[in-house]
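**Student:** Letter by letter, the chains look like this.
Number of protein chains: 2
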Amino acid sequence: MSVPAEAIATLVDELREFLGDRVSTAAAVCEQHGRDESYHETAPPDIVVFPESTEEVAQVVSLCARHRCPMIPFGTGTSLEGHVQALHGGVSIDVSGMNEILEVNAEDLDCRIQPGVRRKQLNEHLRDTGLFFPIDPGADASLGGMTATRASGTNAVRYGTMRENVLGLTVVMADGRVVRTGGRARKSAAGYDLTRLFVGSEGTLGVITEIRLRLYGIPEAMSAAVCSFDTLAGAVDTVIQTIQCGVPVARIELLDEVQMDAINRYSGLGYPATPTLFFEFHGSEQGVHEQVETVGALAAENTGGEFRWATRPEERSRLWQARHDAYYAALALRPGAQGWATDVCVPISNLAECILETRADIDASGLLAPIVGHVGDGNFHLAFILDPDDAGELARAEAVNERMVARALDMGGTCTGEHGIGYGKIGFLNREHGEGVSVMRSIKRALDPGNLMNPGKILP
Amino acid sequence: MSVPAEAIATLVDELREFLGDRVSTAAAVCEQHGRDESYHETAPPDIVVFPESTEEVAQVVSLCARHRCPMIPFGTGTSLEGHVQALHGGVSIDVSGMNEILEVNAEDLDCRIQPGVRRKQLNEHLRDTGLFFPIDPGADASLGGMTATRASGTNAVRYGTMRENVLGLTVVMADGRVVRTGGRARKSAAGYDLTRLFVGSEGTLGVITEIRLRLYGIPEAMSAAVCSFDTLAGAVDTVIQTIQCGVPVARIELLDEVQMDAINRYSGLGYPATPTLFFEFHGSEQGVHEQVETVGALAAENTGGEFRWATRPEERSRLWQARHDAYYAALALRPGAQGWATDVCVPISNLAECILETRADIDASGLLAPIVGHVGDGNFHLAFILDPDDAGELARAEAVNERMVARALDMGGTCTGEHGIGYGKIGFLNREHGEGVSVMRSIKRALDPGNLMNPGKILP
Numbered sequence: 001m002s003v004p005a006e007a008i009a010t011l012v013d014e015l016r017e018f019l020g021d022r023v024s025t026a027a028a029v030c031e032q033h034g035r036d037e038s039y040h041e042t043a044p045p046d047i048v049v050f051p052e053s054t055e056e057v058a059q060v061v062s063l064c065a066r067h068r069c070p071m072i073p074f075g076t077g078t079s080l081e082g083h084v085q086a087l088h089g090g091v092s093i094d095v096s097g098m099n100e101i102l103e104v105n106a107e108d109l110d111c112r113i114q115p116g117v118r119r120k121q122l123n124e125h126l127r128d129t130g131l132f133f134p135i136d137p138g139a140d141a142s143l144g145g146m147t148a149t150r151a152s153g154t155n156a157v158r159y160g161t162m163r164e165n166v167l168g169l170t171v172v173m174a175d176g177r178v179v180r181t182g183g184r185a186r187k188s189a190a191g192y193d194l195t196r197l198f199v200g201s202e203g204t205l206g207v208i209t210e211i212r213l214r215l216y217g218i219p220e221a222m223s224a225a226v227c228s229f230d231t232l233a234g235a236v237d238t239v240i241q242t243i244q245c246g247v248p249v250a251r252i253e254l255l256d257e258v259q260m261d262a263i264n265r266y267s268g269l270g271y272p273a274t275p276t277l278f279f280e281f282h283g284s285e286q287g288v289h290e291q292v293e294t295v296g297a298l299a300a301e302n303t304g305g306e307f308r309w310a311t312r313p314e315e316r317s318r319l320w321q322a323r324h325d326a327y328y329a330a331l332a333l334r335p336g337a338q339g340w341a342t343d344v345c346v347p348i349s350n351l352a353e354c355i356l357e358t359r360a361d362i363d364a365s366g367l368l369a370p371i372v373g374h375v376g377d378g379n380f381h382l383a384f385i386l387d388p389d390d391a392g393e394l395a396r397a398e399a400v401n402e403r404m405v406a407r408a409l410d411m412g413g414t415c416t417g418e419h420g421i422g423y424g425k426i427g428f429l430n431r432e433h434g435e436g437v438s439v440m441r442s443i444k445r446a447l448d449p450g451n452l453m454n455p456g457k458i459l460p
Numbered sequence: 461m462s463v464p465a466e467a468i469a470t471l472v473d474e475l476r477e478f479l480g481d482r483v484s485t486a487a488a489v490c491e492q493h494g495r496d497e498s499y500h501e502t503a504p505p506d507i508v509v510f511p512e513s514t515e516e517v518a519q520v521v522s523l524c525a526r527h528r529c530p531m532i533p534f535g536t537g538t539s540l541e542g543h544v545q546a547l548h549g550g551v552s553i554d555v556s557g558m559n560e561i562l563e564v565n566a567e568d569l570d571c572r573i574q575p576g577v578r579r580k581q582l583n584e585h586l587r588d589t590g591l592f593f594p595i596d597p598g599a600d601a602s603l604g605g606m607t608a609t610r611a612s613g614t615n616a617v618r619y620g621t622m623r624e625n626v627l628g629l630t631v632v633m634a635d636g637r638v639v640r641t642g643g644r645a646r647k648s649a650a651g652y653d654l655t656r657l658f659v660g661s662e663g664t665l666g667v668i669t670e671i672r673l674r675l676y677g678i679p680e681a682m683s684a685a686v687c688s689f690d691t692l693a694g695a696v697d698t699v700i701q702t703i704q705c706g707v708p709v710a711r712i713e714l715l716d717e718v719q720m721d722a723i724n725r726y727s728g729l730g731y732p733a734t735p736t737l738f739f740e741f742h743g744s745e746q747g748v749h750e751q752v753e754t755v756g757a758l759a760a761e762n763t764g765g766e767f768r769w770a771t772r773p774e775e776r777s778r779l780w781q782a783r784h785d786a787y788y789a790a791l792a793l794r795p796g797a798q799g800w801a802t803d804v805c806v807p808i809s810n811l812a813e814c815i816l817e818t819r820a821d822i823d824a825s826g827l828l829a830p831i832v833g834h835v836g837d838g839n840f841h842l843a844f845i846l847d848p849d850d851a852g853e854l855a856r857a858e859a860v861n862e863r864m865v866a867r868a869l870d871m872g873g874t875c876t877g878e879h880g881i882g883y884g885k886i887g888f889l890n891r892e893h894g895e896g897v898s899v900m901r902s903i904k905r906a907l908d909p910g911n912l913m914n915p916g917k918i919l920p
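Residue numbers (the numbering used here), protein chains in the order written: chain V, 1 to 460; chain Y, 461 to 920.
No lab work stands behind these hints: they were computed from the structure. Among the hints, erroneous ones may be present.
[Unchecked claim] A few chain V residues that don't get close to chain Y, going by computed Cβ distances all over 12 Å:
(1) D21
(2) S24
(3) E31
(4) R68
(5) A139
(6) Y216
(7) T231
(8) D261
(9) G305
(10) R334
(11) A360
(12) S365
(13) L394
[As the list claims (entries may be wrong)] Below, a sample of chain Y positions facing chain V; criterion: calculated Cβ distance under 7 Å:
(14) G643
(15) K647
(16) Y652
(17) L657
(18) V748
(19) E750
(20) E753
(21) I808
(22) S809
(23) D837
(24) G880
(25) A906
[Unchecked claim] Chain Y is faced by these chain V residues, among others (derived, beta-carbon under 8 Å):
(26) S152
(27) E164
(28) P347
(29) D410
(30) G413
(31) G417
(32) I421
(33) G436
(34) R445
(35) I458
C-beta: ideal position from N, C-alpha, C; glycine also.
Construct all of the structure, not just a fragment, from the sequences and the given hints.
**Tutor:** Structure, rendered in structure tokens:
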């Protein structure tokens with residue numbers, strides 16, 4: 001299925017009537033909107049539009065619906081499973097220009113923003129209020145994209161994911177209707193939870209044009225530390241015991257020996273190239289002290305060394321920047337290589353086994369693939385660092401990925417903890433959810449009967 | 461719409477084939493299954509069945525679907541907005557006999573249970589594991605009912621509601637298909653969030669037959685206190701400031717002067733009959749101490765008196781039992797009276813205004829109606845204590861309720877924080893969600909095209 005050239009030409013004219021030069025068919029612009037940060041092939045849309053309001057998005061959607069033209073919402077293009085690829089052509093709806101912070105209610109710890117607002121932009125805006133938005137997937141993604149993919153990241157172990165932190169949405173439905181979900185109350189028992197349905201729907205049910213988010217007070221004390229371990233098992237067991245003890249750790253990140261070597265080189269750091277945990281503790285001075293004591297004791301029992309502290313904000317930023325650069329650091333291990341990131345999530349009691357078996361499988365396959373993880377959630381990532389011209393490497397990576405997903409599912413886990421399905425993991429959805437996929441399909445059909453909203457994603 | 465007597469007779473025979481004597485058409489049994497704890501009129505089903513497994517529920521549903529017979533899932537009948545009334549007759553599916561705790565994974569802090577398991581039963585079962593399930597709506601409700609109504613209660617301010625604490629479900633769909641949602645991983649980005657769609661769907665999308673719940677470690681220290689205030693505004697301002705300061709208080713409950721008088725009489729307590737806050741603090745010894753210091757200082761600044769402590773488990777239980785008996789205590793104020801409970805939830809910055817205006821409205825109406833609330837969430841409840849033979853009183857209560865809901869919605873709140881819509885609040889859903897209701901209706905139609913699952917609830 002693709003849209004006839006004639007219809008595209010008509011649509012361009014109609015879009016220009018109200019968007020003027022905020023409509024582009026330039027090859028470079030379309031190419032840029034047809035790819036994310038993954039290894040998935042570029043699939044450019046026919047048209048890119050840059051609306052600036054909910055009303056403009058609704059007009060775009062109504063027009064596209066009339067021409068039966070696919071629509072793909074676009075934020076910053078930092079997703080990892082081919083979420084924005086225009087598999088059937090159509091219109092990329094780039095909301096990056098809708099980047100206004102519409103209101104901040106400091107007393108209610110909430111805010112309302114447009115979907116193009118980026119994570120760092122929001123936190124800079126909030127700085128003087130004493131509040132922050134904790135969800136941090138690494139990339140400086142748009143909050144619209146983060147909502148659509150149910151993003152999480154390093155802080156999720158304490159603050160939850162986008163699922164827990166979106167209070168309400170404005171969504172343009174597939175027929176151009178504008179719907180407001182949720183509200184400002186902290187809880188509600190009034191009807192179906194549409195907010196949670198749109199969070200993680202990857203643009204397949206509508207276009208998110210406004211988001212109400214929960215905010216948090218900046219903790220009195222924040223402290224970060226790095227701890228090296230002799231063994232991967234020791235590091236993971238420390239994580240498991242920390243969670244089981246109920247320590248409200250804010251971040252607890254694993255980097256395996258391959259990844260530590262990579263970030264040492266890339267970021268000019270001098271950590272031992274052994275399995276390592278990065279921690280961050282939030283709370284009162286006394287509370288942080290208590291958490292550190294508990295976790296320090298657990299680490300010492302599990303082959304962990306001394307904690308190296310980063311208490312000043314600059315030191316903390318440097319440490320987390322190094323963590324966030326893990327993917328680029330891994331890529332730099334092999335100049336000219338292409339990265340392929342994937343993630344799974346398992347119950348925490350199975351985390352050590354799942355990581356160790358996966359590490360052994362990678363090593364046996366002869367591939368280069370550092371492991372990092374938001375391990376407090378049971379979530380970890382692989383980044384295969386591949387030679388793009390070697391089809392054999394790609395095939396082996398696919399096989400390792402398949403086995404890792406199968407392993408995670410067998411252990412009661414999920415095929416993706418936070419990257420989403422896009423079209424890269426579409427083959428695993430049935431295996432994970434079985435008959436549930438048919439329920440998802442019924443909902444998709446009910447809300448987007450023409451299959452125009454980001455077609456080919458999530459549902460096969 | 462109601463089912464022809466002939467079809468009912470055939471259905472009874474068919475049901476008896478596999479359920480034997482676990483099928484009842486006795487008037488008393490049907491009456492008991494046609495009412496909840498609310499003022500709403502009894503509407504008995506034609507048949508009550510007592511299945512014992514997912515498979516039996518699926519068989520019941522398939523048969524009902526074939527006869528186009530309405531089905532109403534039934535737990536303990538403690539809901540408050542007419543959720544279980546068989547408005548169009550049909551079959552009440554009583555799952556109270558499905559009350560097995562199927563697994564407890566202490567190391568992963570989760571469990572899997574049947575829907576008839578009750579809140580207290582679960583916590584008794586967990587006692588030796590050092591874990592607990594925090595959601596506590598007061599009534600000893602079934603977890604199936606709590607899931608279906610998105611229940612919350614006193615602990616929600618710290619631990620969230622059923623929305624945050626259900627990890628996965630087994631659901632029998634309207635056509636008898638069995639679907640499993642969610643999983644054991646703490647987070648997942650794999651497809652639409654069906655779990656959250658069923659949580660709060662009030663039996664209108666399917667019958668919940670298994671629930672996976674999140675558990676928590678019992679805190680090292682727990683302490684409860686009661687603090688009396690000179691004014692309602694002082695009590696509410698203390699709550700608002702506590703939340704804004706980020707104190708992780710486990711419970712923070714308001715009882716107004718009318719309610720305090722009622723519980724003093726009912727439970728033989730000697731508290732001042734003034735607006736009062738009940739607190740509970742969870743954490744480490746030191747953490748609880750810090751929380752108490754902060755909240756104590758806030759209370760003192762807001763006309764609060766001394767904290768009266770309940771640290772021993774028996775004292776704490778007695779205190780919370782008194783809180784939970786608030787509704788019965790209110791009823792006892794006026795022998796022969798009928799209670800009518802309603803609730804709303806607003807952003808916390810509007811809580812004082814909303815409660816004070818509502819109190820003034822009740823007083824002006826001449827009605828007896830104590831106010832209690834899970835005020836840390838911005839959620840409060842009214843219980844009108846009415847003469848059942850006085851239509852004028854009922855009409856005045858309806859008017860006060862209407863104005864309270866309108867007030868809450870104008871303040872950015874919701875028409876129900878935790879009781880749900882049932883059919884009692886069906887008239888408010890449009891006002892709250894507008895076009896969103898049409899999206900809910902599309903989903904309902906897609907998943908239950910015959911409108912057989914608890915018809916007449918949530919959606920008009």
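**Student:** Can you name, in rising order, the numbers of the hints this structure does not satisfy?
**Tutor:** Structure breaks hints 6, 18, 20, 29.
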